[in-house]
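S.K.: What follows is each chain in one-letter form.
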Amino acid sequence: MAILIKTICAGLALLLALPFSAPASAGENFQLVEQEIKAGLLYNFLKYTQWPQDRTNGTAVVCLLGGDPFDGHLQPMAGRTVNQHGIELRSVHTAREAEACSLLYVNASEKPDWPMLQRTLTGKSVLTVSDFDGFAQSGGMIEFTRIDKRIGVKINVDAVTAAHLTVQDRLLHLASTVHSLRAD
Amino acid sequence: MRGPQLSIRDILLLITGTLTLIVALLAAREVYGNWQRLRDIRALTSASILSDQLFDATEKLSVERDIALSILQAPDEQTAADLRPKLEESRRDTDEALRAGLSALNRYNFPELSALRGRIKQQLSGVHTLRSEVDTAAKLPAGDKKRRVASRWSDAVTSLIVETQSLWIGFVGHFINIDPIVTQHLWIKHFLRTITDYSGRERSLIGQLIVENTDPSPRQISQLLRGRGVVEESWQMARILAEQSGLYPSIAPFYTDARSHYSTMHDMIRDMFYVPGNRHGSTYPIGADLWFELSMQASDSLSALRIASIKQTQKYTQSLIDATRWEIEVQAAILIFALLLCGLSFRIIVRRVIQPINSMVEALLRATRGEQVNFVPARDRNDEIGKLSQVLHAFQETLVRIKKTAADLDRSESHLRAVVDHMLDGLIIIDETGSIRSFNIACERIFGYSAADAIGRNLKFLMPESYHPEYDHRIAKYLAGGDEANSGLSGVEAKGQRKDGSVFPMDIAINAFSSPDGRHFSAIIRDITARKKAEEEVARYTSELERSNKELDDFAYIASHDLKEPLRGIHNHSRFLLEDNEDTLDEESTGRLNRLIFLSQRMEKLVNDLLYFSRLGRQELAVQPTDVGAVIADVAFTLDMFLEERNARISLADNLPTVVCDKPRVTELFRNLITNAVKYNDKPEPEVEVGFLETKKKPNGVAMKRVFFVKDNGVGISPEFHHEIFRIFRRLHAGKGPEEGTGVGLTFVKKIVERHGGEIWLESELGKGTTFYFTLEDFGHGEQSRAAA
Numbered sequence: 001m002a003i004l005i006k007t008i009c010a011g012l013a014l015l016l017a018l019p020f021s022a023p024a025s026a027g028e029n030f031q032l033v034e035q036e037i038k039a040g041l042l043y044n045f046l047k048y049t050q051w052p053q054d055r056t057n058g059t060a061v062v063c064l065l066g067g068d069p070f071d072g073h074l075q076p077m078a079g080r081t082v083n084q085h086g087i088e089l090r091s092v093h094t095a096r097e098a099e100a101c102s103l104l105y106v107n108a109s110e111k112p113d114w115p116m117l118q119r120t121l122t123g124k125s126v127l128t129v130s131d132f133d134g135f136a137q138s139g140g141m142i143e144f145t146r147i148d149k150r151i152g153v154k155i156n157v158d159a160v161t162a163a164h165l166t167v168q169d170r171l172l173h174l175a176s177t178v179h180s181l182r183a184d
Numbered sequence: 185m186r187g188p189q190l191s192i193r194d195i196l197l198l199i200t201g202t203l204t205l206i207v208a209l210l211a212a213r214e215v216y217g218n219w220q221r222l223r224d225i226r227a228l229t230s231a232s233i234l235s236d237q238l239f240d241a242t243e244k245l246s247v248e249r250d251i252a253l254s255i256l257q258a259p260d261e262q263t264a265a266d267l268r269p270k271l272e273e274s275r276r277d278t279d280e281a282l283r284a285g286l287s288a289l290n291r292y293n294f295p296e297l298s299a300l301r302g303r304i305k306q307q308l309s310g311v312h313t314l315r316s317e318v319d320t321a322a323k324l325p326a327g328d329k330k331r332r333v334a335s336r337w338s339d340a341v342t343s344l345i346v347e348t349q350s351l352w353i354g355f356v357g358h359f360i361n362i363d364p365i366v367t368q369h370l371w372i373k374h375f376l377r378t379i380t381d382y383s384g385r386e387r388s389l390i391g392q393l394i395v396e397n398t399d400p401s402p403r404q405i406s407q408l409l410r411g412r413g414v415v416e417e418s419w420q421m422a423r424i425l426a427e428q429s430g431l432y433p434s435i436a437p438f439y440t441d442a443r444s445h446y447s448t449m450h451d452m453i454r455d456m457f458y459v460p461g462n463r464h465g466s467t468y469p470i471g472a473d474l475w476f477e478l479s480m481q482a483s484d485s486l487s488a489l490r491i492a493s494i495k496q497t498q499k500y501t502q503s504l505i506d507a508t509r510w511e512i513e514v515q516a517a518i519l520i521f522a523l524l525l526c527g528l529s530f531r532i533i534v535r536r537v538i539q540p541i542n543s544m545v546e547a548l549l550r551a552t553r554g555e556q557v558n559f560v561p562a563r564d565r566n567d568e569i570g571k572l573s574q575v576l577h578a579f580q581e582t583l584v585r586i587k588k589t590a591a592d593l594d595r596s597e598s599h600l601r602a603v604v605d606h607m608l609d610g611l612i613i614i615d616e617t618g619s620i621r622s623f624n625i626a627c628e629r630i631f632g633y634s635a636a637d638a639i640g641r642n643l644k645f646l647m648p649e650s651y652h653p654e655y656d657h658r659i660a661k662y663l664a665g666g667d668e669a670n671s672g673l674s675g676v677e678a679k680g681q682r683k684d685g686s687v688f689p690m691d692i693a694i695n696a697f698s699s700p701d702g703r704h705f706s707a708i709i710r711d712i713t714a715r716k717k718a719e720e721e722v723a724r725y726t727s728e729l730e731r732s733n734k735e736l737d738d739f740a741y742i743a744s745h746d747l748k749e750p751l752r753g754i755h756n757h758s759r760f761l762l763e764d765n766e767d768t769l770d771e772e773s774t775g776r777l778n779r780l781i782f783l784s785q786r787m788e789k790l791v792n793d794l795l796y797f798s799r800l801g802r803q804e805l806a807v808q809p810t811d812v813g814a815v816i817a818d819v820a821f822t823l824d825m826f827l828e829e830r831n832a833r834i835s836l837a838d839n840l841p842t843v844v845c846d847k848p849r850v851t852e853l854f855r856n857l858i859t860n861a862v863k864y865n866d867k868p869e870p871e872v873e874v875g876f877l878e879t880k881k882k883p884n885g886v887a888m889k890r891v892f893f894v895k896d897n898g899v900g901i902s903p904e905f906h907h908e909i910f911r912i913f914r915r916l917h918a919g920k921g922p923e924e925g926t927g928v929g930l931t932f933v934k935k936i937v938e939r940h941g942g943e944i945w946l947e948s949e950l951g952k953g954t955t956f957y958f959t960l961e962d963f964g965h966g967e968q969s970r971a972a973a
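Just so you know, the protein sequences line up as chains A and B, in that order. All the letters of the first sequence, read from the start, carry residue numbers 1 to 184 under our numbering. All the letters of the second sequence, read from the start, carry residue numbers 185 to 973 under our numbering.
No lab work stands behind these hints: they were computed from the structure. One or more hints might be untrue.
Below, computed lysine-lysine pairings styled on DSBU-like, alpha-carbon distance capped at 30 Å [said to hold, decoys possible]:
| no. | chain 1 | residue 1 | chain 2 | residue 2 |
| --- | --- | --- | --- | --- |
| 1 | B | K717 | A | K149 |
| 2 | B | K323 | A | K149 |
| 3 | B | K717 | B | K644 |
None of these values were measured; they are calculated from a predicted model.
Work out the full structure, taking the sequences as your base and the hints as a guide.
M.R.: Next comes the structure, spelled out in structure tokens:
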């Protein structure tokens with residue numbers, strides 16, 4: 001019972017502490033919120049994607065290529081688990097490094113190098129995610145989009161399948177709102 | 185007041201039976217307790233599943249509620265259309281979860297929940313009705329009606345959720361005390377449900393904000409923050425309880441997954457909804473459909489955690505069931521074993537204690553009844569029973585000996601009794617006061633009284649009153665002591681009186697003896713009436729005989745004495761005639777006169793012998809100690825001429841004794857026998873042996889003491905004459921001259937022997953010789969010492 005009371009007290013302390021986070025400037029905040037949502041979605045991608053048995057090794061390696069577009073908001077994910085795998089964050093710079101990743105987030109700044117990178121990763125079980133236009137169409141697997149200022153998700157199922165990955169229906173539900181867009 | 189008498193066997197039976205019953209009851213109670221526990225745990229297992237189903241149902245209901253509300257509040261067609269498939273899916277989930285939960289609940293018959301269940305069913309049908317209203321209202325443009333429907337819908341579903349939660353709490357309450365671990369598991373579920381609940385509220389609120397595209401009000405933010413705190417706290421509580429109950433290690437991956445998922449989702453929206461004024465360009469960067477999807481996906485993680493914990497709870501309860509079952513089996517085994525042990529101990533008690541005691545008691549009872557007992561002692565046992573049985577065995581052996589002794593005594597007593605009963609003499613036992621104690625059959629016959637009449641009375645009542653003074657005098661003298669007291673009073677003639685009053689002579693012998701009861705006297709009584717009569721008879725006959733003999737002797741004496749005178753005259757006259765007329769008488773007359781003289785001389789001799797014989801019977805014996813050897817020597821001396829003439833020889837034994845006898849008669853006796861022995865002897869050298877034997881058997885087998893004998897080697901006597909020869913004037917060998925015997929010698933011998941009280945007999949063999957045996961002393965009347973034979 002003592003533990004229960006302690007825990008309740010801790011909860012109350014948390015309750016009181018939160019409202020005092022300093023508000024950021026409006027523009028920055030919007031960008032920030034958008035990146036936060038994307039970062040959160042990465043978790044769901046990891047959750048509903050199945051890698052081949054030999055790739056898992058008990059760790060879900062999330063790699064950022066070309067800098068961190070999430071401005072450190074991805075950081076809390078390190079140490080969490082998904083499907084009973086620990087999540088590891090890495091910054092990668094080369095295609096070779098990227099091969100070892102479970103999920104590779106390609107920064108929009110890497111768009112020019114993408115075709116080459118894509119070729120390198122062909123056949124490798126790396127779930128590729130990015131937010132630049134045409135990523136999915138150019139062989140990327142999951143692409144964040146914006147429709148009416150709202151974040152959407154495109155999935156290139158062919159690319160996913162080609163990489164010996166399996167995505168579950170639940171993931172397709174996430175992408176269902178942009179399914180029609182994916183057709184072209 | 186005394187209860188029923190219980191034997192040792194009954195008591196032991198009672199004790200073992202009671203112990204068995206107690207053991208059985210205790211074990212049965214344990215078994216029953218465990219069986220009930222088993223039932224409770226099974227109920228708990230299904231209750232746990234059911235509680236999860238109810239929990240799931242509330243979750244599904246809240247999702248449906250939120251999506252439906254979002255559709256009703258959607259600002260544009262597109263948003264509503266996007267949410268439509270989610271609503272359909274959610275409705276299916278809700279129906280399924282509620283149906284499963286309610287049907288599972290039907291198995292439990294908790295009265296206080298049945299009303300609640302009824303209400304839930306009612307509200308569920310209300311929700312079903314509202315669903316179509318929601319669908320209709322969704323197509324309407326935004327307005328009051330739409331808001332009213334939304335409001336009713338929200339209220340109805342929330343109410344249903346609350347009722348379902350109440351149901352869950354009420355239900356779980358029944359099982360909260362069965363097992364602490366399972367209770368902790370239920371608490372973990374409770375916290376997970378709280379997380380779901382508050383996440384649902386957050387989802388609902390944020391969904392509403394997204395749909396309405398409005399900034400959260402301070403109240404809403406405060407609501408969100410509070411929910412956040414509760415959720416965070418619930419995560420921690422769930423983990424602590426899981427760790428305490430040992431559940432955590434097995435659910436940890438699911439716990440971290442779910443918690444990661446929720447944290448990630450919270451990170452996603454934290455800056456957007458928990459901070460006022462972050463909605464830029466009048467639009468949230470996330471659509472309601474995506475939001476609901478993300479929320480539902482997060483609840484997937486929670487579901488996985490819940491399922492994992494359900495599985496662990498089931499595993500745990502299963503282990504409880506297995507353990508309890510094992511306990512029941514062990515207890516049942518212990519119960520059976522205890523019963524067997526009780527049975528065994530009872531059997532041992534029966535065999536080792538009760539049966540030996542029974543057989544001992546039986547043996548004792550039989551011994552008491554005097555039956556044959558053959559008790560075998562338990563020699564192999566050293567305990568109380570063994571000792572008891574050995575004691576009993578010793579007792580039995582003693583008893584056997586006692587019985588044998590008693591039987592011997594009995595036999596000897598009955599023997600004695602028979603002797604006493606059948607003895608011809610009367611036997612009376614009297615005590616010191618003279619009171620009769622015992623009176624045998626002979627007494628009854630003698631006196632005519634029965635033993636019953638006689639016992640207890642004074643001995644004197646058996647005697648005529650006139651005799652009493654004499655009896656008293658005798659007894660007093662007897663008791664006064666002296667030799668008589670020691671040797672008893674025997675052979676006293678007394679007078680008895682029969683019951684009929686007749687008096688009779690009796691011989692009484694009294695002897696004193698000591699018995700444990702004191703000094704007693706035995707009186708042996710013999711009716712001597714017959715003996716007296718016989719004695720009188722004998723006396724009469726004897727005197728008659730004596731008179732007759734005397735008359736005969738007198739007659740013989742008178743006759744012989746008187747005959748002598750005429751004989752003398754005949755003899756003298758014949759001689760005178762012969763002498764005076766010697767010349768004148770012719771030869772024939774002379775011969776006749778000589779013959780007459782000879783005959784008269786012989787006649788005189790006969791008369792003299794007869795006279796002598798009669799004198800032998802009449803004269804008293806002049807007894808004196810006499811040396812028999814000297815007597816014979818005297819005889820031999822007087823017969824010297826005669827013996828020499830015949831060339832005869834006499835041999836004497838050395839052991840000839842001195843006897844008290846009439847010497848002249850005994851001399852006569854020996855002279856006759858020796859003369860006969862020589863005279864009737866055809867041997868050239870007649871031999872006569874005189875001897876003495878201490879004992880000698882008569883031809884009829886009777887042994888005689890102190891026997892004299894005279895043995896010759898003469899012609900012998902034929903057996904038919906062995907008696908004849910003792911008769912007076914009886915001669916076996918006729919003589920020719922006047923010197924020849926008259927045949928009275930042996931008659932004299934026999935008479936002399938008889939006068940001395942002795943006996944005479946002979947042994948003879950024709951041609952070889954004769955031996956005369958005789959005794960000169962009277963050793964009692966009749967034949968001597970018949971017993972010695």
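S.K.: Which of the numbered hints are not met once you compare them with the structure shown?
M.R.: The structure breaks only hint 1.
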